[in-house]
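Here is what each chain is made of, one letter per residue.
2 protein chains.
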Amino acid sequence: MPKTTFYHAGCPVCVDAEQEILSLLDPKNVEVVHLGESKNRIDEAQNAGVQSVPALLTPNGNVLHINFGAFLKDIRG
Amino acid sequence: MPKTTFYHAGCPVCVDAEQEILSLLDPKNVEVVHLGESKNRIDEAQNAGVQSVPALLTPNGNVLHINFGAFLKDIRG
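Residue numbers (the working numbering), protein chains in the order written: chain W, 108 to 184; chain P, 108 to 184.
Keep in mind that the hints were calculated from the coordinates and are not lab data. Watch out, some of these pointers could steer you wrong.
It does not matter which identical chain is used: a pair holds within one copy or between any two.
Unchecked claim - The list that follows gives simulated cross-link-like pairs (lysine to any residue, SDA-like), each with its CA atoms no further than 25 Å apart:
no., residue 1, residue 2
1, Lys180, Gly143
2, Lys180, Glu125
3, Lys110, Lys146
4, Lys180, Pro134
5, Lys135, Ala155
Keep in mind it's a predicted model, so treat the numbers as computed, not measured.
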């Protein structure tokens, strides 16, 4: 089953959103990816349509940008 | 049990987000409020911290702004 992926970068906005999302969804169905620590996955996120974090990539392949923490290009550094 | 509230205004971005959110969460735990049709609830949304729609007010009282459709002030008209 396709999973939901939550991309973040450890920012305060990201952490708050993560806690909310994981309390609303079943955490075992959500993969949490810290793009600041896993920079090799930034391309994957960008190709999926993620423009900023925090963002949720749904099993349908749609991206929900949740609040605003940072742009991908700023994480890429 | 406190519910989750999804505020929207019928815009295309709102409808897409609604479909995703309702597919991820248990729809019976989510109240969907169309602020364009229920303008008497705009104050309630604003007081809860909603600045734009679509937005999800969680049972914890936190607001997740999901993508961007319209500002509350523009719905108020």
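Tested hints:
1. In the homo-oligomer, the alpha carbons of Lys180 and Gly143 lie at most 25 Å apart inside one protomer (11 Å), although the nearest pairing across protomers, at 35 Å, exceeds that limit.
2. In the homo-oligomer, the alpha carbons of Lys180 and Glu125 lie at most 25 Å apart inside one protomer (21 Å), although the nearest pairing across protomers, at 28 Å, exceeds that limit.
3. Taking the shortest alpha-carbon separations for Lys110 and Lys146, only the intra-copy value of 20 Å comes in at or below 25 Å, while the best inter-copy value is 36 Å.
4. When the C-alpha separation of Lys180 and Pro134 is checked against a cutoff of 25 Å, the pair qualifies neither within a copy, at 28 Å, nor between copies, at 35 Å.
5. In this homomeric assembly, Lys135 and Ala155 come within 25 Å of each other (Cα to Cα) only inside a single copy, at 21 Å, whereas the closest approach across copies is 29 Å.
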